[in-house]
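**Student:** Residue strings, one per chain:
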Amino acid sequence: MVLIIQDIVNGILLGTMYGTAAIGLSLVFGTMRIVFIAQGSVIVFFAYLCYWLFHLLGVDPYLSLILIVPVALLLGAAFYYGLFKEAAALKDRIGSLLIAVGLMFFLENLMTVVWTPNPRAVVTSYGFYAFNLFGINLTLTRLIGLLIAILATLGVFIFLTKTLIGTAVRATSEDVEASTLMGINPDRVNAVAFAIGIGLAAIAGINFASTYSFDPIYGFDVALKALIALTLGGIGTVYGALLGGIILGVIETLGVYFVGSAWAQAICYAVFFLTLTLRPNGLFGRTS
Amino acid sequence: MKNNINFPEQSSSARDPSNLLKSFMPLKFQRKHINITVIVLAVIAFGTLPFYVNVDSFFAYYLFICFLYIILAQGWNLVAGYTGQISLGTHAFFALGAYTTAIIWLHNITHTWYYFDPLVMVLSGVVPAIFAIIIGIPTLSRLRGDYFSFGTLAAAEILRIVILRGGKFTEGAMGLRLPGTGFTTMGIYYWTALLLAVLATAAVYFITRSRIGLALKAINEDETSAASHGIHILQYKVFAFAIGSFITGICGSLYAYYLFMINPLAVMNLNWMFLPILICVLGGNGTVLGPIIGAFVIGALFSYGDVLLGQVHPMLSGILIILVMKFLPTGLVGLKDRISHRR
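Chains G and H, in that order, give the protein sequences.
Under this note's numbering, the first residue of the first sequence carries the number 1, and numbering increases by one thereafter.
Under this note's numbering, the first residue of the second sequence carries the number 289, and numbering increases by one thereafter.
Simulated from the structure, these hints should not be mistaken for lab results.
Here a beta-carbon is modelled for each residue, glycine too, at the ideal position from N, C-alpha and C.
One or more of the hints may lead you astray.
[As the list claims (entries may be wrong)] So the derived list for chain G, only partly shown, Cβ under 8 Å to chain H, looks like this:
1. V113
2. V114
3. T116
4. T277
[To be verified] Straight-line Cα separation of at most 30 Å, DSBU-like style, residue types lysine-lysine; simulated pairs:
5. K614/H - K91/G
6. K505/H - K320/H
7. K162/G - K85/G
8. K505/H - K614/H
9. K85/G - K614/H
10. K505/H - K85/G
11. K456/H - K91/G
[Unchecked claim] Cβ-Cβ distance ranges computed for the label pairs, FRET-style:
12. N342/H - W52/G: 18 to 24 Å
13. R188/G - L522/H: 38 to 44 Å
14. P119/G - V341/H: 41 to 47 Å
Full structure from sequences and hints, please.
**Tutor:** What follows is the structure, encoded as structure tokens:
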């Protein structure tokens, strides 16, 4: 019983990482209808940057947030203006999907060349520190990860609801044409959405690096998980994506406990498939 | 004969030298017969190639890979190019085809021991087609195309795990090893691949020129409008998806006969999903000629790139995908139109 509760807790903590990635996907998909399949590879890329900062310069992973997140925001805007600007304007979305695929290919192989395909991990002095609460182990890094994920979600939520440009982002994801008629510049909104998406990928990457080991090919897996979390939560809500991620994390860890890791993945994809066919708006999404 | 009269040329098209040439020919002869002549000549040229080029050379292998890519791309082209449904599960159908061939062979189900048994190859196409119908009906009944893309991806990942955990039946990650020794020469593979590439292209050509093809194009243009004109959308989409998967499955079967080692890493690689997309989009999505051009270009880049550049080449192919999509969104076939429009 304790083991199951331990699994649920671990699942929640794992799920927050999927959730953070899913919010980024949700913003990009909501405004531009781009399935940014490279999100996972970008996350792993930032995990590697964090690894480098830690090993070469001795920067603490959580301190490197201050360095990496601004870089990520700029990179996100650069991705939009450099790669996706023309494709986002087209009705045909295969172009943007393929650019994302190309980016994923490029990043995966770049990372394989630069950092070799061997798994890496950021091992900090406090990495194994854990609290024991009623017999349940709570790793410090995972708790910090949860905290950062919740803070990031709150930050994005406040940004989207309280600021003018955030409102514009929400308006664009509701209805692109109407928002353009209202005088919203779609380019700027899309660039902001992309920047936040990549920024969240950086946060997820650092959480990932400080808790798990990673290798270059792992990105696609993470992107798929983020996509599942997104469909579970429903496209268009920030908290929905986070909750979707948490549900997915719990399903995955419980699946590993009961049927083994390979079938647990199959269960995740089955949940994905069933959600798509039975509840396409997600569990928390708006019903159209 | 009414058709033989040369109509006065429009001022804009008169400047085009090819139109000038055409105006000397009987109208009826013009496009169709030239096309048929070119196609027949190309097929004869490729068919007789093994007689004067060493068939075991790298060049012949490259052509074999190109034919394989053409089959794969035509299957995807029918679903995505003409119907507008982006399938992300091609690798699953490819693997299903390969595994069907391997399992039939290993268990000697059809009692045929020779290679490229048409019955086995057709069965290897039928199994993916049935799989396509099963996952196509729930995913294609949604109006939005994204659900289909995600659904096929999810189904493919489930299939990957089923194959990996298949126990004795699929031998998991080790894969199946076929008992045959294979041919000592590429010749038979080359001709079979060529034949199948021609058949796949012909199938796509005739389907898209038929009534079904018109319906598929109508669905691609505007689903609501197509439905209001009495086209049963789901039926046509599932049909196209099943035929596309059938072609993909046969391609997988051909690859199984070539490889002799069927394991998830070889046949369920994500490359088998991205390759047809890349080939179709580079060549020109929704055209018959596009996938053929795309297959030759991508085949050259991938097989020669692998030899010449080694580890760096997948990185370059990523950049290539981005560049093509950014600067050539209509593909190489569309390039001709873009140039002629600019004039």
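**Student:** So, for every hint listed, does it hold in this structure?
**Tutor:** The hints, checked one at a time:
The closest approach between the C-beta of V113/G and any C-beta of chain H is roughly 6 Å, which is under the 8 Å cut-off, so the hint is satisfied. The interface hint given for V114/G is violated, since its Cβ lies 10 Å from the closest Cβ of chain H, which is over the 8 Å cut-off. Proximity of T116/G to chain H is violated relative to the hint, the smallest CB-CB distance being about 11 Å (cut-off 8 Å). Because the beta carbon of T277/G sits about 4 Å from the nearest beta carbon in chain H, less than 8 Å, this interface hint is met.
A threshold of 30 Å between alpha carbons decides the hint, and for K614/H with K91/G the separation of about 15 Å falls inside it, so the pair holds. For a cut-off of 30 Å, the pair hint linking K505/H to K320/H stands: about 22 Å separates their Cα positions. At most 30 Å may separate the alpha-carbon atoms for a hinted pair to count; K162/G and K85/G meet this at roughly 26 Å. Between K505/H and K614/H the CA atoms are separated by roughly 25 Å; this keeps the pair inside 30 Å, and the hint holds.
Simply put, K85/G and K614/H have alpha-carbon atoms about 9 Å apart, close enough for the 30 Å limit, and the pair holds. Taking the CA atoms of K505/H and K85/G, the gap is about 28 Å. The hint holds against a cut of 30 Å. Using a Cα cut-off of 30 Å, the hinted pair K456/H and K91/G is violated, with the two alpha carbons roughly 47 Å apart. Between N342/H and W52/G the beta carbon distance is about 49 Å. The supplied range of 18 to 24 Å is therefore violated.
A beta carbon spacing of about 40 Å between R188/G and L522/H agrees with the range 38 to 44 Å that was offered as a hint. Taken as a hint, the range 41 to 47 Å holds for the pair P119/G and V341/H, whose Cβ atoms sit roughly 45 Å apart.
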